[in-house]
Amino acid sequence: MSANTASSAATKTIMFVLIAGGAVMFLPSVMLLVIGMTPTMAAMLTDRRREKYATLCVGCMNFTGVLPFMVELWTKDHSYDNAFGMIGDPFTWLVMFGAAAIGWAIYFVAPGIVGMFIAMRADQRVERLRRRQRDLVEEWGPGVAGSGDRDETAQNKRGGQRANARGED
Amino acid sequence: MADPIILRERIEIDSDQPIPEFNIQNAAAYAAKARRESQGDLIAYACDPRIPHRHDDLETMRGFTTNGLLRFVEWGVVTWRPLNRRLAVVVYEKPLGGRVASAVSDTIEPMSDEAITRNFLTPAMTVLRDMSTRGVPHRGIRPDNLFYSDTNKRHILLGDPLTAPPGLNNPLFCETLEQGMADPEARGRGGVSDDLYAIGVCVIFLLLGRNPAHELSPMELIERKISTSSYATLTAGARIQMNMVELLRGLLADDPRDRWSVREVELWIGGRRLTPKQAKLPPKAARPVTIGGRDYDNVRAVSEALGRNWLVAGEIVRGQDFDNWIRRSLTDERVTEAINKVLGSQANLAKAPDSDNPRLVTRACMALDPAAPLRHKGFTCHVDGVGPALAMAFEREDIRQKVADFINGKFIGAWMSLQTRNRSDLSEMYGIFEKLPIPLNMTGVGYGIERVLYELNRHLHCMSTLIETFFVTTVDRLIPAIEGAAKGRDRPRLPVDRHIAAFAAARSTDVDERYLRALSTNDQTGTDHVLAALALLGRIQTMAKNGPAPTLATWFAELMEPAVNRFHNLKQRKAVEANVARAAETGMLMELHAIYADQKAIQRDQQGYAQAQQEHRYCGAQIEQLSLELNNKEHMATELGEQVAAVASGVVGSLGATAIIVLYML
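Line by line, the protein sequences are chains D and P.
Using this note's numbering, you'd call the opening residue of the first sequence number 1 and step up by one each time.
Using this note's numbering, you'd call the opening residue of the second sequence number 1001 and step up by one each time.
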C-alpha cells in the first residue's frame, strides 16, 4: 500500500516537473492560453453539474477562439513581445471571448430546441396511437376498449326492442 | 251452407249440420256425403282430439263390409274449421233406423228372444268372427252404441268401435270383471272374448228393455260380480226365458276359458242346446281377511280391496295375519306359490322398508288375481292400457306421477311370470316397458314422461301447445306444422319444447341422443339451446324432405340474434347477418345452422378480439406513457439539451479548430 502511494506521488511529482518545465519553456503560449481561456475557467467554476456540460460547451468554443492566436504565435514569433502584443490587441479578446460567448449561447439555446423536438415527436406518436385505437374500435366495436358488457347490454336491448316490435305487429 | 270439409277427396262433410242423435261420448256426428260414389247418407264422427283413436285398427278395417256393423267408409285427419284445428274424422254409412237406446240408462221396449237372436245375435256373431279374422276386437259394444239398420227398426247394427281406445266408453256392467276392474282409460285392447261378454250384456238389455244393473254403484257391481258371478248379478230379479239362460251363462262366464266362443254361439243359434253351465265362483277362504274395515273371503275380492285401499294395504300384506290367511285359511297352492314367487318369504317382507309398501301391495294383488289388471297406488291398468291412459290424462299431474311410478316399479316381468297364457303382444309390451325407466328418469328435453307418452302411443299426435291443433302424428308433418304455428301471433319463446323433442325422438330413428343431449343443457335460455333446437328441426326437415320453412327460419334468426351480436368484428358481424338473412329466405334450417355452428369463424373472431383488446390496451399504455413524458418535457429537454449542446459545441469546435489549422498550414 505504502509502495503504491509512494509511486503515485513520484509520478505526480514527475508530471508536475515536466508540465512546469514545459510551461516555462512555452511561457508566451501559456500566458496567452491562460488569459484566453478565462471564460472556460469561469464556466468551470459556475458549472455545478458533475458532467460539466457547460464547461465543455464553453471550453470547446473558447479554445477554437484562442487557437488562431496560438497558431500565429507558434508560426511567426514565439516571444513575449508578440504574446503581449496579441494580449494587448482588443480584437484578440473579442475573438477569444466571443467564441466563448457562442459556447454559452449554444448551451442555453439547445434545451429549448430539444424540448420542442421532443414535444413534436411525442405528439405525432400519440396521434398515431390514437388513430390505431380508433381503427380497432371501428373494426371490433366499443367493447375492444374494455366496455364490452355495456356494448352487449345495448345490443340485447336493441334485440329485445326488435322482438317487441315484431310481437306488436 | 259454408264450404264442406273434404276428406281424402272422397267425402264432403257439412260441419254446419250436426246430427246430435248419433253423437257418441267422444265424437260428434255430422252429416256427410260421398263425392263420387253413389252411397246413401253418411255420418262423419269428428273425434275428440284429446282421446286417441284406434289408428292401426282404422287402417285394418278398410273395406270391411260385413252386415251387422256400421259400414266403415273412410277416415282421415282434416282441418275442422269450426274449431280452427285439425282432428281425425271417421265416416260411416248412416243407419236408417237410428239408435236402439240413446243412453244406457234408457228404458226401451223389450224384445223377444227370437227377434234378438235373428236380428242382433246372428249378425253380431258374423261381425265378431270377421273382425277377429282381422285381429281387431270391437270393444265398443254397449246398448247405446247399437243402431237399427232399417226404418222398420228390426235389424240391429253394432256401432262405432274405432274413435276411442278399446272399452273406454263401455259402462262397467258391459265389461268383464278383468276389464271392468281397470280404470276405463287403461282397459287395454282386450279381445273377442270381452266382446262376447258385452254381447251377452246387450242381450239382457234388449230382453229386459233396461240396464240390468242400474241400481248398483260401480264398487257394488264389481263386488257382486266377484261374489255371485256376472250372470247372477246381471239377471238378478229378472225373468229370463229358459232358452236364453244357456246362452247368457255361456257369454257371461267370468272365467274366460269357460266363456263361449263365436263358434259356440253360432252352434247355439243353429239349434244346439246344452244344459246350462253353473257359474264358477272363486274359492272362499275358511275365514275372511279384513281390509279397510270390511271382510273379504276370496282372493279376487281381496286383491281388488287391497288395490283400492293401497294406502293401508302395505301393513296388511306385511302382517303375519295375512300370511296365515294365505297359507292356512285359503289353502290354494297356486296362490301360495304365486305369493312366494313375487313377494318372497315373510322374513324378506319384514326386512323391506316402509317405502316399499306400494310395490308390495301391487305384487300381492297380482299374485292373488293374476288375470286382474295391475294395481299400483290407485292406478289400475292393463299393460296395454297404460299408454292410452297417459295420453288421455297427460295434463293431470297425479296421473303422470302414477304412470311414472308404475313404470319405475317394473312389475311387468313378475306379472307375466304369473300368467297362464302366453301372448306375443305382451312380450312386445314387456320389451317396451323394460326400456322405459331409463328415458323416463332422464330429466333432459326429449326424455321424461313426454318420451314415455309417445313411446307408448305410436300414433298419438304431438301434444305440444305450439302445434297441438295441427294434429301431427308423423315426424314428416312436424316442420310444416311448426312453420304454420310460427306464423301465428301467440307463439312461445322457442319453436321446440319437451313434447316436440320427445315426439321427434320417439317417432324418428334419425333423431339420436346427440340432438337431445345438446338440447338438455342446463341453460335453457341461451343461444346454445336455440342452436340445439335448430339442429334438431334442421335434421328433421332434411330427413323428412320437407320443403322450405321461411317463417320458422326467420324465427330462429331472431332467436339467434344474440349469437350474431357476439361476433365482435363488426364487418364479420354484418357478413354473418347478411348470410343469415339469405339462409332465412331460403327456409332451409340446416343452412342456417351451418352459419351459426361455424366454430372456426367464432374462434377466429374471439382470437382476433383478444388480440385487438391487447393492442388497444398497449396503445393506451403508450399514450399514457407519452403524456407523462410530455408533462415532464422541461426536465428531459434540459437534460438532453445540455448533452446536445456539449456535443454540438464539441463538433463545431473540432471543425473550427481543424479549419484554422488547415488555414495556417497552407
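The set of hints was computed from the structure by calculation and includes no laboratory data.
Just so you know, even glycine gets a beta-carbon here, dropped at the ideal spot from N, CA and C.
Any given hint could be a false lead.
Stated by the list, open to error - Over the 12 angstroms line for every Cβ pair with chain P, so calculated as not near, a few chain D residues:
# : residue
1 : K12
2 : I19
3 : A20
4 : M25
5 : I35
6 : T38
7 : L67
8 : I102
9 : Q124
Claimed, not checked - Derived, one-sided and incomplete: chain P residues facing chain D with beta-carbon distance under 7 angstroms:
#  : residue
10 : Y1609
11 : A1612
12 : C1619
13 : L1626
14 : L1628
15 : A1637
16 : G1641
17 : G1650
18 : G1656
Results of checking the hints against the structure:
Non-interface status of K12(D) relative to chain P is upheld: no Cβ of that chain comes within 12 angstroms, the nearest being about 28 angstroms off. In this structure I19(D) is separated from chain P by more than 12 angstroms, as the shortest Cβ-Cβ distance comes to about 22 angstroms. No beta-carbon of chain P is positioned within 12 angstroms of the beta-carbon of A20(D); the least distance is around 26 angstroms. Against chain P, the non-interface label of M25(D) holds: every CB pair exceeds 12 angstroms, the least being about 21 angstroms.
Separation of I35(D) from chain P is adequate, the least Cβ-Cβ distance of about 18 angstroms exceeding the 12 angstroms criterion. Consistency note on T38(D): stated as away from chain P, and its beta-carbon is indeed over 12 angstroms from all of that chain's, at 17 angstroms minimum. Once the 12 angstroms rule is applied to beta carbons, L67(D) is inconsistent with being away from chain P; the minimum gap is 5 angstroms. The beta carbon of I102(D) is not kept farther than 12 angstroms from every beta carbon of chain P, the shortest such distance being approximately 8 angstroms.
Separation of Q124(D) from chain P is inadequate, the least Cβ-Cβ distance of about 10 angstroms not exceeding the 12 angstroms criterion. Among the interface hints, the one on Y1609(P) holds; its C-beta lies about 6 angstroms from the nearest C-beta in chain D, closer than the 7 angstroms criterion. For A1612(P), the shortest C-beta to C-beta distance to chain D is roughly 5 angstroms, which falls under 7 angstroms, so the interface hint holds. Interface hint at C1619(P): satisfied, since its Cβ lies 4 angstroms from the closest Cβ of chain D, which is below the 7 angstroms cut-off.
Contact between L1626(P) and chain D, as hinted, is supported at the beta carbon level, the nearest pair being about 5 angstroms apart and thus within 7 angstroms. At about 10 angstroms, the closest approach between the beta carbon of L1628(P) and any beta carbon in chain D exceeds 7 angstroms, and the interface hint on this residue is violated. Hint status for A1637(P) relative to chain D: holds, with the closest Cβ pair at about 3 angstroms, below 7 angstroms. Taking 7 angstroms as the C-beta cut-off, the interface hint given for G1641(P) holds, the closest approach to chain D being about 3 angstroms.
Hint on G1650(P) holds. Least Cβ distance to chain D is approximately 5 angstroms, under the 7 angstroms limit. The restraint placing G1656(P) at the interface with chain D holds, with a minimum CB-CB distance near 4 angstroms, inside the 7 angstroms limit.
The structure shown violates the earlier hints numbered 7, 8, 9 and 14.
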